[in-house]
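Q: Here is how the chains run, residue by residue.
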Amino acid sequence: MSENSNWGEQLYALLTGALSVWRLNGRVVRDAEKSACCIIQTKIAEVAVERITNDGDTPYWDVALLDPDTTVPPLPYAGLQGMLRAVRDLLDQDPISARLVIGSQAGE
Amino acid sequence: MPTTPVSVITGFLGSGKTTLLSRLLRHPDMARTAVVINEFGAVGLDHMLVEASDENIVQLNSGCLCCTIRGDLVLTLLDLLERRRRGDVTAFDRIVIETTGLADPAPILQALMTDNALAQAIRVEGVVTTVDAVNGAATLDQYQESVKQAAVADQIIITKTDLVDTDSGDIRDRLAELNPMAPLLQAVQGDIAPNQLFNAGTYDLSAKSDEVRAWLNTNLPVHDHAHDVNRHSDGIRAHTVIRSEPIHAVALTLFLEILAEHCGADLLRLKGLVKLIESPDQPAVIHGVQNVFSPPVWLDRWPDESRDSKLVFITNDLPGVWFEDLLDALNTEVAETVARQENNKALA
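If you read the protein sequences in the order shown, they are chains A and B.
Each residue of the first sequence is one higher than the last, beginning at 1 in this note's numbering.
Each residue of the second sequence is one higher than the last, beginning at 1 in this note's numbering.
In case anyone wonders, no lab produced these hints; they're calculated from the structure.
The following label-pair restraints were derived from C-beta to C-beta distances:
id, chain 1, residue 1, chain 2, residue 2, range
1, B, S22, A, G103, 32 to 40 Å
2, A, D31, B, E245, 28 to 36 Å
3, B, P280, A, D31, 33 to 41 Å
4, B, L13, A, L100, 32 to 40 Å
5, B, D79, A, N25, 45 to 53 Å
Fair warning: this is a prediction, and the values are worked out from it, not measured in the lab.
Backbone N, C-alpha and C define an ideal beta-carbon position, used for all residues, glycine too.
Starting from the given sequences, assemble the full structure and let the hints guide the process.
A: Shown next, in the form of structure tokens:
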């Protein structure tokens, strides 16, 4: 199984679970033509996420808002952390977000 | 200077929390304990008073100190520790905090874990939650505070078992489902040995192997793949991830950051031992309450023959399988990056 096929399955599972974590109604479908691409469909927006592995040496994630009126091109993200944040920002108009706090925090 | 262990006693209104505390304060083993409570009257200490140090600290004839909270818990604790340092109060070796019946223990734990001044002086030993065998089930049905108190507990004490006809199996089963990490103890009229509650070393992550095992307390068999023990109770879910393959340290860091960012308050507790590629023989101990984590601690060795990573999640209705998918995806991404860098080095 190609690396991209693996990523396709992982991406599908990851985004499906993320919708549940974010408490958003929607679904995730795999792109029929691209093995490492998924499309998230909610009432707010449709977003495509694709793992790009053939554009230079370093793979990255493309996140694109599927809106015929948008002028914003797909944006690249080096890692899953950035990708998930970008997807959430496109789908959730009022996300509740926290940051990781480790141990004692001086001055807080 | 060694840190002072701090335990939190919580439990819903009428669950027997105050009865437990009153009984404990009379026990000789509770000498050299400072108890922090909301008001003296509620604990019925009058006959035990020896001397009032000032309006909010009293010395009991058992040797305990009793201190009322002055508005802010952290400031109260800092003040108490400073008084000890100056010799203004009897020396104490441990602190027990009793919360109100409607308290959410998570912010209390987080405050204890993150205040810089406190961090130098204390270590959080754990949360003890009382649940009433008579009304506990109905309370769990009606009040989310009660559910959360049980869900974040390190130990749960079932009280008033002398008042029920059955062996309290139903409430035990429900609590075990809600929080598989917490041992279930029993106390009638608050009668329980203090060392069952306060010397468990639950948060002393440099403790001995059996104590680390008890702290994690999953009682799960070892598998080579994720063991889905997703359970549903009152919206609270418990999920355990087990992995035999080691994890990149960077992947673990990213994992915790993403959990904090996207799960936030819905991630009630996370405890785990993690095998890292960088140190497979010294497991990393992970502990978090919502988005607040203790700094990782590395054990000198694994507590038993199992060398699998085990992570136990207690959440407010989050899909447990997502934790596995996320961790695996991050580990894959980091592994690919590392492999690529090594390949580039080899070609250079």
